[in-house]
Structure formats: C-alpha cells, structure tokens
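**Q** Here is how the chains run, residue by residue.
Number of protein chains: 4
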Amino acid sequence: MLAPDMQVYAPWRDQQFLDAFGGREEMLAYCTANNVPIKPPKISKYSTDANLLGLTHEAGELESLDTRADFVDPGMGVRKTDAPDKPEQVTIAFEKGFAISINGVTVASAAEAMTKANEIAGRNAVGINTHLLENRFVGTKSRGIYEAPGMELLGKTYAYILEAVLDRRSRRLFDFCSSYYAEQLYDGFSEALGSQLVKHVFTDVAKFVTGTVTVELYKGSISFVSATDIPHSLYVEANASMSAVEGYDHKDSEGFLRVLGLGARAAAQQGQIPRID
Amino acid sequence: MLAPDMQVYAPWRDQQFLDAFGGREEMLAYCTANNVPIKPPKISKYSTDANLLGLTHEAGELESLDTRADFVDPGMGVRKTDAPDKPEQVTIAFEKGFAISINGVTVASAAEAMTKANEIAGRNAVGINTHLLENRFVGTKSRGIYEAPGMELLGKTYAYILEAVLDRRSRRLFDFCSSYYAEQLYDGFSEALGSQLVKHVFTDVAKFVTGTVTVELYKGSISFVSATDIPHSLYVEANASMSAVEGYDHKDSEGFLRVLGLGARAAAQQGQIPRID
Amino acid sequence: MLAPDMQVYAPWRDQQFLDAFGGREEMLAYCTANNVPIKPPKISKYSTDANLLGLTHEAGELESLDTRADFVDPGMGVRKTDAPDKPEQVTIAFEKGFAISINGVTVASAAEAMTKANEIAGRNAVGINTHLLENRFVGTKSRGIYEAPGMELLGKTYAYILEAVLDRRSRRLFDFCSSYYAEQLYDGFSEALGSQLVKHVFTDVAKFVTGTVTVELYKGSISFVSATDIPHSLYVEANASMSAVEGYDHKDSEGFLRVLGLGARAAAQQGQIPRID
Amino acid sequence: MLAPDMQVYAPWRDQQFLDAFGGREEMLAYCTANNVPIKPPKISKYSTDANLLGLTHEAGELESLDTRADFVDPGMGVRKTDAPDKPEQVTIAFEKGFAISINGVTVASAAEAMTKANEIAGRNAVGINTHLLENRFVGTKSRGIYEAPGMELLGKTYAYILEAVLDRRSRRLFDFCSSYYAEQLYDGFSEALGSQLVKHVFTDVAKFVTGTVTVELYKGSISFVSATDIPHSLYVEANASMSAVEGYDHKDSEGFLRVLGLGARAAAQQGQIPRID
Chain A
1 MLAPDMQVYA
11 PWRDQQFLDA
21 FGGREEMLAY
31 CTANNVPIKP
41 PKISKYSTDA
51 NLLGLTHEAG
61 ELESLDTRAD
71 FVDPGMGVRK
81 TDAPDKPEQV
91 TIAFEKGFAI
101 SINGVTVASA
111 AEAMTKANEI
121 AGRNAVGINT
131 HLLENRFVGT
141 KSRGIYEAPG
151 MELLGKTYAY
161 ILEAVLDRRS
171 RRLFDFCSSY
181 YAEQLYDGFS
191 EALGSQLVKH
201 VFTDVAKFVT
211 GTVTVELYKG
221 SISFVSATDI
231 PHSLYVEANA
241 SMSAVEGYDH
251 KDSEGFLRVL
261 GLGARAAAQQ
271 GQIPRID
Chain B
1001 MLAPDMQVYA
1011 PWRDQQFLDA
1021 FGGREEMLAY
1031 CTANNVPIKP
1041 PKISKYSTDA
1051 NLLGLTHEAG
1061 ELESLDTRAD
1071 FVDPGMGVRK
1081 TDAPDKPEQV
1091 TIAFEKGFAI
1101 SINGVTVASA
1111 AEAMTKANEI
1121 AGRNAVGINT
1131 HLLENRFVGT
1141 KSRGIYEAPG
1151 MELLGKTYAY
1161 ILEAVLDRRS
1171 RRLFDFCSSY
1181 YAEQLYDGFS
1191 EALGSQLVKH
1201 VFTDVAKFVT
1211 GTVTVELYKG
1221 SISFVSATDI
1231 PHSLYVEANA
1241 SMSAVEGYDH
1251 KDSEGFLRVL
1261 GLGARAAAQQ
1271 GQIPRID
Chain C
2001 MLAPDMQVYA
2011 PWRDQQFLDA
2021 FGGREEMLAY
2031 CTANNVPIKP
2041 PKISKYSTDA
2051 NLLGLTHEAG
2061 ELESLDTRAD
2071 FVDPGMGVRK
2081 TDAPDKPEQV
2091 TIAFEKGFAI
2101 SINGVTVASA
2111 AEAMTKANEI
2121 AGRNAVGINT
2131 HLLENRFVGT
2141 KSRGIYEAPG
2151 MELLGKTYAY
2161 ILEAVLDRRS
2171 RRLFDFCSSY
2181 YAEQLYDGFS
2191 EALGSQLVKH
2201 VFTDVAKFVT
2211 GTVTVELYKG
2221 SISFVSATDI
2231 PHSLYVEANA
2241 SMSAVEGYDH
2251 KDSEGFLRVL
2261 GLGARAAAQQ
2271 GQIPRID
Chain D
3001 MLAPDMQVYA
3011 PWRDQQFLDA
3021 FGGREEMLAY
3031 CTANNVPIKP
3041 PKISKYSTDA
3051 NLLGLTHEAG
3061 ELESLDTRAD
3071 FVDPGMGVRK
3081 TDAPDKPEQV
3091 TIAFEKGFAI
3101 SINGVTVASA
3111 AEAMTKANEI
3121 AGRNAVGINT
3131 HLLENRFVGT
3141 KSRGIYEAPG
3151 MELLGKTYAY
3161 ILEAVLDRRS
3171 RRLFDFCSSY
3181 YAEQLYDGFS
3191 EALGSQLVKH
3201 VFTDVAKFVT
3211 GTVTVELYKG
3221 SISFVSATDI
3231 PHSLYVEANA
3241 SMSAVEGYDH
3251 KDSEGFLRVL
3261 GLGARAAAQQ
3271 GQIPRID
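Chains as they are written, first to last, in the working numbering: chain A, 1 to 277; chain B, 1001 to 1277; chain C, 2001 to 2277; chain D, 3001 to 3277.
Any given hint could turn out to be false.
Label pairs and their calculated CB-CB ranges [claimed, not checked]:
(1) E1112/B / E237/A: 32 to 42 Å
(2) F1017/B / L53/A: 51 to 61 Å
(3) L185/A / N2035/C: 52 to 62 Å
(4) A29/A / D2014/C: 33 to 43 Å
(5) E112/A / A2206/C: 55 to 65 Å
(6) G3155/D / D19/A: 52 to 62 Å
(7) E112/A / A3010/D: 47 to 57 Å
(8) E237/A / A3010/D: 26 to 36 Å
(9) E3112/D / S1064/B: 51 to 61 Å
(10) L185/A / F1017/B: 49 to 59 Å
(11) F98/A / E3237/D: 42 to 52 Å
(12) D3066/D / E1112/B: 55 to 65 Å
(13) P3004/D / S1064/B: 19 to 29 Å
(14) P37/A / T1115/B: 53 to 63 Å
Simulated from the structure, these hints should not be mistaken for lab results. All residues carry an ideal CB built from backbone N, CA and C; glycine is no exception.
I would like the entire structure built from these sequences, with the hints used as guidance.
**A** Written out as structure tokens, the structure reads:
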C-alpha cells in the first residue's frame, strides 16, 4: 500500500520453491540432513516471534489444545507460580496520553516506558503466557500463547483513567473505534484510509488522559490501589453519593423515571412485552 | 413494563419524605439518635448488595478513588494474598451452553453450577474485589467493588469454547449483541422488545457450546490448561500448521493476497495513503 | 458450505481455459468469428442478471461513470419520464410480516405479492434504474444499475410499520442486524453461522409487523398517505401532542432534564467542552 | 454544557405556569378569548419550525397517521404533482468536501450553496413533504413532515462521490460514525465529548471529497447522470471489467476462493451448517 509498485516474494507461496521443499517439518528435516546449522526441531517445541511489545509463541506442541499455556517458557518474565510472594506496587503518571513517569522517575520516551513496564510487570507474571485462539484474516483459526507484560500494565492503568474521563456516549464511540482499529491492524490494513481516519479519535481522547494510577502486581494479577489527579475526570464523589447534596434533587429522578416510564407503559399496552416464544 | 398499571413508590424520591429525612447520612444519624437498631455507620464503611451471582460494594469509604479495591472484606472468597499457595485445577464440561459437570461430578441445575463455581473460584481469589467506575444510566459515574467468582470462572471457560466455535463473522455479531444486551440489562430494559429479540442469538449460539475445559486457578488468576471434545470447533490442528497439508495450498494464498492487493494498490495510486495531517 | 465435498469449476478462473480464450471481449470476438449464435456485442451494450426480485445491469457502456442511469432500457417498468401523469394509490396490508393483501385483494403467497408489487411499482417508475457504485467482496468497485420495483414498494411500506413499532433501543439492534445480514448475503455467506443467528431477530420482529399502509406512487417516488390498524404501534397520538394530557406531566421533563444536566455540567466543569483543536 | 452556570427556564415545565394555562389548546383559547393577536388555531392546522436547512411540520392535523404527507402546504418548494414536466439537470462541483460551484457558477459560501440548492431542488419537489415517525429522546414517538430540498440535493451528490472514494473498510467506519453523530445531534449532545471526537472523522474524509456530479431532478426524484474528475476515486473502469486486463489475474481469484473455502468447509464439517431450528 505504501509502495504500490513493489512486488512481494514469499518463498512458501512460490510453487517452485514449495515443490522443492514442502512445509516447515520438511524444511527442518532438510536442514538436519544437510547439516545446516539451525536450532533443531527437537529443542524448539514451538516458534516465537518477538518485538518490544511482546512475544508470540505458536506452532509445534502448542497446536494441540491439550498443551497448557504454561508449557511456554516465558521470555519476558516468569510464570505466575514463580513470581515473588510479596505484592509490588507501581505508580504510573500519564500526561495527555503518555506515561511520563513510573514510580516517580521520569521516563524519557514511549520506548523507555514500555521497557520499564515490561520489566516490572514481567517479574510479577503479569501478561505472561496468555492463551488465545484467534481468527486469522484468511478464515482459519490459530492457537497462540502471548507475552505482553508492559502492554498489560500500561493498558490497564490507562484504562482506569479512561473510565473516569469518558461518559457513556463517548465510551460507545471509543469502544467501536478500538475494535475497528484493532481489526485493521490485525488484518494488515494499518495504513489504509479507515486506519488514518480512526486514529484521530485516539489522539483526541489522549488529550484528556492525564492522571496518576497506582496498582498492585501480584502473581499475574493487577489490583487497583488509587487513581488521583485526573483533571478531566467526570467522577465526582459528591454526585456518587445518594445524600442530599450537590445539585442532585431526588425529585428530579422521579421525573426522569416517569418520562422513561411512558415508553415502557406504551410497549406493554401495545402487546410488545409478553415474551416472544 | 410487565405491569403497566402498577405505580412505584420510592421514599427517597418523595419530597415529603426527603424533607423529613434528608440523605443516607441524615437517616443514619436519625436512627442512631433514636436508638433504631441498625448496623451503625462507624462499622459498615460501605454498603453491599448481594445475590447468587455476586456482591456489589459501594458508597462510604469506597467513594474515594484513594481507597484500594482490597479495602473490601470479601464475602464470597478471599483476597489474592490470602489464597492457597498451590494452584487448583478445575474441569468444567458444557453441553449446549450449560455447565453439566464440574470436576467430573454432574451438576443438577444452573443454580448448583453457579454455587459450586462460586465456591471453587472464590477460595482462589478469582473474581474477588474488582474495581469498576461505571456510567450510571442517569449519566453520573459510580464507583463499585465487585465480587463474582462463579461468573468469572464459568464465563471464562465458556468463552474458551466460543473462541473455538465462532468464526470471524459470527463473532462480530455475537460481540455486538453481547454489548447490546449488557446495556439493556444494566439500564433496566431486560423485558423490552430489544432484549427479547437479542436473546435468541444467545440461545442459538448456546446450541454449539459443547466441550470440556480445564483451567488452573491461582491467587486470583485463571490459566488455560486444555479444551477438548468440542464437536463444533472450527479449530483444526492440521489447518493451524504452516505445513503442506490438508487442503491448504500455499499458492492459493498468493492468489488471495494478489486479489486483496488490487484494492491496496488502487488506494495508493489514488492518493489516499499519504497520511492525513 | 452446504456441500463441502463439492468442487466448483469456473472456466474463467481456469488458466488453461483463459489461455485459450482471454476475457469477455475476446470470447465475443471468438463467437462472432466462428458464427456461434449469441447476442452480438454491438447490440447488448451491457449485461443483465435477472430474478424475481430485480435486474442488475453491468459492464459494457455502464462501466463509464459518464453513462447516465437512464441509459438502461428498463425491463421491469418504465423510466420516470415515461410514467403516467396521474399518481396511483396502493394499499398494502401486512400480517405478522407478510403482505397479505394489495388493494384489498388477498395475495396467496410471497411470490404473488412480489409479482404484483413489481407490476404496480414498475409502471410508476418506482425502483427503476438506480445507480450504485458497490464495493465487491474482493475489494474492487463495480458499477451497476438496478431495478427492484416490488422490493422498493414492499420494503418502504414495511418500513413505515416498523417506524411505528420499534422503540429507539430495538431500532438500534434492528439496524445493526440489517446491515450485518445484508453484508453476509452480499459476500456469499448466506448459510454461515452468523446468518443463521441473525435471522431469528428478523423473524421475531416480523411477528409485530401487522398493519395497513397506503402510499401514492408517482413518476418514481413513493409518498406516504396513511398507516392504520397497527396493533403494536408505539405511536400514540395523545402522547405526541404537547397538550396537558395522558400521563405526561410537564414537570416530569423538568426532572428528566435536570438529571441529564448533571452530566453535561460535569463535562463542562472538568474542561471537556472547549472544542478539541 | 457550554455555560454550566446558566439556568434554563421553560414556562411549559413550570408548575405554576402550567396550573395557570394548561396545554397548547388551552393557551390558544386564552389568546382568542383575550384578543391576543396570534395566528388563530382554525387557520394553522399544524405548527412549523424553520431554518436555512429545512422546515419541520408537526402537531395539529398531522398527528393523525391518516393525514397524508402532502397535506402540508410546502414552504420551500412545490408538491411532486406541481413540479415542472421537464427534468432539470444540475451539476455540482465539490472540492475537499465543499460545494464550490453549482451549474458552473462559483458559490461563495456554504450558506450560498445551501440557498441555491434549496431553490433548485425545491422547485422540482425534491426533499419536499417527507413523512417521518421519529423516536424522541424521551422515548415517545412523534410524527413530522419534513422539507429539506437543499440537504437532499447536496447530500445525494456528496454521497455519489463518497461511493467512489471509500473502500469497504472505511465505509464501515464512516457509516457507524454518521449514525453516531446524527444521534448525538438529535439528542442535544452536539458539544459533548463524543461529538467533538467524531467530527474529525468527517473533516478528514472531506479532504478526499473532490469531484463533479451531475444529476437530473424530476418531480421529486434525483437521477444519476455522471460523476467525473474524482481524483481519489477507487473506481477504476479497467478493474470493473471482467476482461483479462490490468493486474487482475483470474487464477488469483481461484486462490482467493480456495482460501475462503477452507473456513466454509470447516463450518460444514463441524456441524454448524444444518440450519438452527
């Protein structure tokens, strides 16, 4: 899409190549037989793709749904049962959508934030060895075991601020756009028009994502400790209460409910409510 | 809606009542002052609603986002740090959407399945003390701490089977309908036309949810162990592999990608790809 | 999907066949050269697919967006400018989703209803020569001119009843499901799981679609005349009025608006309203 | 929302006012009885709201679904049967989402474009007297007759360009956002966060909406004549054809279909296809 004149050559989709070599097993056999120095199949029981954000483990023994998620030897942290016995608190401050400090120490870049988050979450088994049966773009299913500790930690704390900032209506938009963009990325349409369009929604929302969140990490789980200094938060303690304070008149809800009740009554009177068989 | 002629009387929305009593604090003060024997405010630091599916803790000290989730003293299980040091495996068999046995023992009803699941998950801190800032129907936000151990366990294992059964397209429908129905229930429209309509989607999907799932519970987390005997699973190990087997011809994906590439090339050639500023 | 063991042979995707013949033009040339008796290309300036529901005209001269929609010589009716100078009224009665009579005359089957509707709408140019640039499943675009007079007439009158029956919330579900099912059909997934699931929503809604609608057809357009005898209609004339009648207390809307105003005020106070740049 | 400290006073929701006057009819009676000089109820059989974009006619005789749409005496054009007997062609050029010329004459502003479009469409009965049963925000239904000739003409021609520019995936995003924004506006949330967020999608799409569209207006209808000079159009005549040209290899679709067929076959083999009862 970015270079429409460019051709892609994928050997495993080239008939001539395939006729010569077959699939992964056949190629591994060829390498073994010909002393090509690769990690031999007996040892790597699955294959792994890696980048800063996470690891994907697939194929080999993992193809069986009888193989547990913890069959994978984690590369970015530890299994839950190997994590420390003491919970670890972590505090992340966000400013306009970016993590700007972790545990009070300024982070210089998104990459540094991710690296630190990977380390802290990984050692507590957060985001390690997650099982997923995914629907490939081509329609078949694929089983993967994922590691993404930093994504899990940053994502969850970011989400806690979003919960305070987004009202019901903007939440509906945000959720649709999130699913949409995720699908675009997964299917390889990251640069397509739809992806470009939807990105503005996220960069605009990010402008409101400022605040400090503290969570506790413990053997694979994240627990909420506090969320403070969120200037755009719609959560107002005074409004949350049922007490007679702050502009909420209980008579008003009576009116609110009577108005909504009109529709409910009409539905019943017009025979819409007796359940459909 | 079910009884359109019925009137609802809510004392806290009745002006006369409110004039006499004020809000929750004022009423508690009244009770204390008049020796009305209720659980005094000093002891109950929050209020709790309960049913078979879970507990909701709200108000009082929980109204502050500085109060951690584990401030709540769990009623359906233990905190993560109090859970056993040894993981516990649990196997749930589903037939046409219903949990029919847990750890090999037949369960006689949905209520029994939920009761057992509450017990097993609760003692491992699964689904205990979950923080949520929710958007009330009226537009304000509310903070709650939830317990729903059985829902978490049954929901997650059910979801593992769904992952195997639903293709990409039916997944899109299912996800929309899930969100839709959740909102209907939350807003109090459980009997409205839309709710009646959408229910058929779930009862129809349930017909395909047969299978046995084993997971491991450990200090608040659920890990995948195995999923077997899923007659309607679309996950075929043979198709998951990249090897030269089972009706998947690598040449075919070349064609698939070329066809999709047509649209990608057109977008680039027509000036849609240079990023929007 | 219905017969997974069956193989499909499409000559125009068979390399051997294609090498021998090339595309549509080359094949027409071959036929002409070899005196194969087919409708010669000079006369058929586009190709047409037909069934009871409508005609699709594509290819040939229609490929140019400089060719007007009325270039097509209609097969199911007349062009707007050729339609009668006097409007024609038509009354359709629906019972549980089916058209049961047209202009007071009982129709014995869906096929008969469609046949009659095609005739009446077609002669008034309704649903004739509609231009569409559609997105093929494979990602390219295609230009078509459509005729579907009966679909237009039955669809519009059905929609008028739906407008009376569906509340806001069930409308949202219905609209999603309609788009979803349309895409399933268009893409060739009519029998897939998602299609089976969504169909129940339509058959359930249909149970409420009873009523009689009269419209006026005139040179391509449909105008609303009346909609009566809709037992499940939520439209209550008394509620539609602003007068002091029928269970709607104007004070109530004051409460309704105050409650909604809480969220609006919070958004403003928390700095969410000054427009995003 | 824009001025959170401001209070709104609506007389018809003020109990004291209502006790004194009652509803619309009572107020009209009062005016008549007291010689207050207003348009008397005998003459205005419905009430009309007006702005540059259109007219809304409601209440009075229009509350009955037995009152035809053409009961309304149009204010922005003529009824279909009163429109000219000769079709009128109109050509609109768009640049980056704005109508910049109509029939070759430059328009200086959006307001001028709308004014001209109202005039041209209105005299051909386009967008005149449209019936709508709408779902008010409060849950009740309301019947209205609408006039919006310019919106209809500009909207339809804009849509023809969009059909050429948006691919399947960006269309899905656009359609969701359109419905979302429409609902925000209708419900009075035009300045809320969700509205601000979604607007960027439309301003970004508009950057690609350049082109010239000619349509024919005739007694209420709009017919497609041509669409040219659309620099970002994804419609490529060469790709539309089935001929052996321009980078589309028919063998490729064989591969495309085989790949998709994998999922279809799996669904059938796993017992998902026999229809749900």
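**Q** Now, for every hint given, state plainly whether the structure supports it.
**A** Results of checking the hints against the structure:
E1112/B and E237/A have their C-beta atoms about 41 Å apart, which keeps the hinted 32 to 42 Å range intact. Separation of F1017/B from L53/A is about 56 Å and conforms to the stated range, judged on CB atoms against 51 to 61 Å. A C-beta distance of roughly 56 Å is found between L185/A and N2035/C, which places it inside the suggested range of 52 to 62 Å. The hint said 33 to 43 Å for the Cβ distance between A29/A and D2014/C, and at roughly 34 Å that hint holds.
Checking the proposed 55 to 65 Å range against E112/A and A2206/C shows it holds: the Cβ atoms sit about 59 Å from each other. The supplied range of 52 to 62 Å is met by G3155/D and D19/A, whose beta-carbon atoms lie about 56 Å from each other. Taken as a hint, the range 47 to 57 Å holds for the pair E112/A and A3010/D, whose Cβ atoms sit roughly 55 Å apart. In this structure, E237/A and A3010/D meet the distance hint of 26 to 36 Å, their C-beta atoms being roughly 31 Å apart.
For E3112/D and S1064/B, the Cβ-Cβ distance of about 56 Å falls inside the hinted range of 51 to 61 Å, so the restraint holds. Under the hint 49 to 59 Å, the C-beta atoms of L185/A and F1017/B, about 55 Å apart, fit the expected range. For the hinted restraint 42 to 52 Å between F98/A and E3237/D, the CB-CB distance of approximately 47 Å keeps it satisfied. For D3066/D and E1112/B, the hinted distance range of 55 to 65 Å is satisfied, since their beta carbons lie about 57 Å from each other.
Checking the proposed 19 to 29 Å range against P3004/D and S1064/B shows it holds: the Cβ atoms sit about 24 Å from each other. For P37/A paired with T1115/B, a C-beta distance near 58 Å keeps the hint of 53 to 63 Å intact.
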